[in-house]
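> Here is what each chain is made of, one letter per residue.
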Amino acid sequence: MEYILIVISAIFVNNIVLSQFLGICPFLGVSKKISTGIGMTGAVTFVMVIATIVTFFIQKAILEPFGVQYLQTITFILVIASLVQLVEIILKKVSPPLYQALGVFLPLITTNCAILGVAILALKLEDTNIVKSVIFAISHAIGFGLALITFAGIREQLDLMDIPKGMKGTPIALIVAGLLALAFMGFAGIV
Amino acid sequence: MNQWNNFSKGFFKENAVFTLLLGMCPTLGVTSSAIDGLGMGLATTFVLVMSNLVVALIKNFIPDKVRIPSFIVVIATFVTIVEMTMQAYVPALFDSLGLFIPLIVVNCLVLGRAEAFASKNNLGSSIVDGLGMGLGFAMALTMLGSIRELLGSGKLFGTAIYPEDYGMLVFVLAPGAFIALGYLIAFINQVKKEA
Amino acid sequence: MAKTESTLKNMVLTLLVITCVAGASLGFMYELTKGPIEAAKAAKQQAAIKEVVPGFDNNPGDEMYELTSDEGFVLKLFPAKKGGELIGVAIETQTNKGFSGNIKVMVGLKPDGTIINYQVLEHKETPGLGTKMADWFKTDKGNQNILGKHPKSNNLTVSKDGGEVDAITAATISSRAFLDAIRVAYDTYSKNQGSQPVASNTSVEEGGAQ
Chain A
312 MEYILIVISA IFVNNIVLSQ FLGICPFLGV SKKISTGIGM TGAVTFVMVI
362 ATIVTFFIQK AILEPFGVQY LQTITFILVI ASLVQLVEII LKKVSPPLYQ
412 ALGVFLPLIT TNCAILGVAI LALKLEDTNI VKSVIFAISH AIGFGLALIT
462 FAGIREQLDL MDIPKGMKGT PIALIVAGLL ALAFMGFAGI V
Chain B
17 MNQWNNFSKG FFKENAVFTL LLGMCPTLGV TSSAIDGLGM GLATTFVLVM
67 SNLVVALIKN FIPDKVRIPS FIVVIATFVT IVEMTMQAYV PALFDSLGLF
117 IPLIVVNCLV LGRAEAFASK NNLGSSIVDG LGMGLGFAMA LTMLGSIREL
167 LGSGKLFGTA IYPEDYGMLV FVLAPGAFIA LGYLIAFINQ VKKEA
Chain C
6 MAKTESTLKN MVLTLLVITC VAGASLGFMY ELTKGPIEAA KAAKQQAAIK
56 EVVPGFDNNP GDEMYELTSD EGFVLKLFPA KKGGELIGVA IETQTNKGFS
106 GNIKVMVGLK PDGTIINYQV LEHKETPGLG TKMADWFKTD KGNQNILGKH
156 PKSNNLTVSK DGGEVDAITA ATISSRAFLD AIRVAYDTYS KNQGSQPVAS
206 NTSVEEGGAQ
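Chains as they are written, first to last, in my numbering: chain A, 312 to 502; chain B, 17 to 211; chain C, 6 to 215.
Treat the hints with care, since some could be wrong.
[Claimed, not checked] Here are the simulated DSBU-like pairs of lysine-lysine, each with C-alpha atoms no more than 30 Å apart in a straight line:
no., chain 1, residue 1, chain 2, residue 2
1, A, K435, C, K14
2, B, K136, B, K208
3, C, K14, C, K55
4, A, K476, B, K136
5, B, K208, B, K81
6, A, K344, B, K81
7, A, K479, B, K25
8, A, K371, C, K46
9, B, K171, A, K343
10, C, K14, C, K46
11, C, K115, B, K171
12, A, K443, C, K109
13, C, K115, C, K129
14, B, K81, A, K476
15, A, K404, C, K39
16, B, K171, A, K344
17, B, K209, B, K29
18, B, K171, C, K55
19, B, K171, B, K81
20, C, K146, C, K109
21, C, K143, C, K129
22, C, K87, C, K129
23, A, K343, B, K136
24, C, K154, A, K435
25, C, K143, B, K171
26, A, K403, B, K81
27, C, K39, C, K102
28, C, K55, C, K109
29, A, K443, C, K81
30, A, K443, C, K102
31, A, K435, C, K146
32, C, K14, C, K39
33, C, K129, B, K171
34, C, K109, A, K403
35, A, K435, C, K46
36, B, K209, A, K343
[Claimed, not checked] Computed far set for chain C versus chain B, every beta-carbon distance over 10 Å:
no., residue
37, T9
38, E10
39, T12
40, I23
Bear in mind the hints are in silico, worked out from the structure with no lab data behind them.
In this text, all values refer to a predicted model and were calculated from it rather than measured experimentally.
We put the CB at the ideal spot given by N, CA and C, even for glycine.
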């Protein structure tokens, strides 16, 4: 039951993009087409889950026993940066098709605040454990994907519309994102 | 380029938020009030100036291949310093900015300036660049924060302008952040075209 | 000055030096800010206690004790004394019935349980709606005010549930949750105090559960 709550809350109620404002850069940057949106979602899910697992163990095995939690930001960002590189290298060797699909998105992920944000948030859960953290990360990734792909779908349609000149590009995209966020607010209170 | 142009470009011509669309997460996430926007902007400015300073100093000692990781360490160090200082001396602001303080480290603006400017220019210009870019960012956040606070809750920097009951609540909430920024950028684009 | 070559030795050495300097300076800053951070936290707690049970001359933080409520929350109780006599107790209470997540409230009760004042410490309610609880239940307007009321002799539930408190406009769930947190504080406090009447709390409990 507790896990179901985490999943629903992460995907709909506290959607990472539309209500917590994490990962806005890829949300605005790679949402012009549904296909790139799907690729980005795959890459984010992959890295987010691995990063959450690794940072979880670093926090529990190194930072907390030595009482140096203040090094959290610096260690986590380094871990994530090297992890992204590592994933890129391994993927290239092990699964070229997957690398082809996700490759271009991987370097962008280092500065995707959703990854670092979820890794830190996962440690703030009540009586956190590794299973909970992984579920937390996966559901946030799904929430990210849901928002990104929906948004990409709307933007594809938007290209065909007659939009006032001054609103073209970023302004209209932001307003559409606002309307999407408004729709997601309807989920508030169900958990 | 003279130093004045170098400084002022961050406010308008190359404003991080309005033109370059960098650092969107804190821009949307912490601007439900003007004071939060200003606080976040100043914290980012500090990190930006200090990291530009250090990067400009050490750029010649850093081998090219480990450039990015080195910059990240420098930035993360200053972010943590800001985090601890704010927690100690402005705890209320620290609480309301929350997660977005450690996330300054992944603000593309900071790494972007270190990589694109400080690693190629001298110490003085790098500091001026950081200051201009940072204050431009702070200005954008304060503007957006003021608009949202005024429309949403009838206040400006916490002072009541008109009764809260007439406010449009949506502007304080998440959707209002997107919508307000959308219109603000459209407006700035228009002004720029005419200028 | 020539740029350092990207040899393995140079790279490892550079990263090592940078991380060492970074770690050392952070450790130094940590030591420097550790005191002020703790002082800031203590000051915040002290200020909250002072607001909800004014006029004490002891240090309630030193005499803090914990009680577990029926719901399993650990509540912190700060006895406020003047001249050695108990004038009230500040209780850090919480509820999980909020619109989104838990709500933490510091409430001050007189020894007999009458509400002196309260302060909302932590919540995730909707800004502009649920957040109004910070002042709503202190304002003398209609039946909003709960200060000076007694959780047992007054039916402190929202009027929609048959109680005597006006809920915040458009935020009934947050209002219910807030009143529930007050109830948790009173129940736990009175149950663990031999000299005080044990709370029957039936009416209040029903209100919170609906």
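> Given the hint that K14/C pairs with K39/C, does the C-alpha gap stay at or below 30 Å?
violated, 37 Å
> Sort out whether K29/B lies within 30 Å of K209/B, counting only the CA atoms.
Holds, at about 12 Å.
> Taken at face value, is the distance from the CA of K343/A to the CA of K209/B at most 30 Å?
The hint holds at about 25 Å.
> For the pair we were handed, K435/A and K14/C, check the Cα-Cα distance against 30 Å.
Cα-Cα ~39 Å, so violated.
> With a cut-off of 30 Å on the C-alpha distance, tell me whether K443/A and K102/C pass.
Holds, because 22 Å separates the two Cα atoms, which is no more than 30 Å.
> Would the least Cβ to Cβ distance between I23/C and chain B come out above 10 Å?
violated, 5 Å
> Are the Cα atoms of K476/A and K136/B separated by 30 Å or less?
violated, 37 Å
> Could you grab the alpha-carbon distance between K443/A and K109/C and see if it respects the 30 Å cut-off?
holds, 24 Å
> Under the criterion that the straight-line Cα-Cα distance not exceed 30 Å, is the pair K14/C, K55/C satisfied?
Answer violated: K14/C to K55/C is near 60 Å, above 30 Å.
> Hinted pair, alpha-carbon criterion (30 Å max): K171/B, K81/B. Please report holds or violated.
Given that 30 Å is the threshold and the Cα spacing comes to 50 Å, the pair is violated.
> Is K171/B close enough to K343/A, meaning Cα to Cα at most 30 Å?
violated, 37 Å
> Just to be careful, I want the Cα atoms of K129/C and K171/B compared with a cutoff of 30 Å; is the pair within it?
holds, 21 Å
Of the hints listed earlier, those the structure fails to meet are numbers 1, 3, 4, 5, 6, 9, 10, 11, 14, 15, 16, 19, 22, 23, 24, 27, 31, 32, 34, 37, 38, 39 and 40, in rising order.
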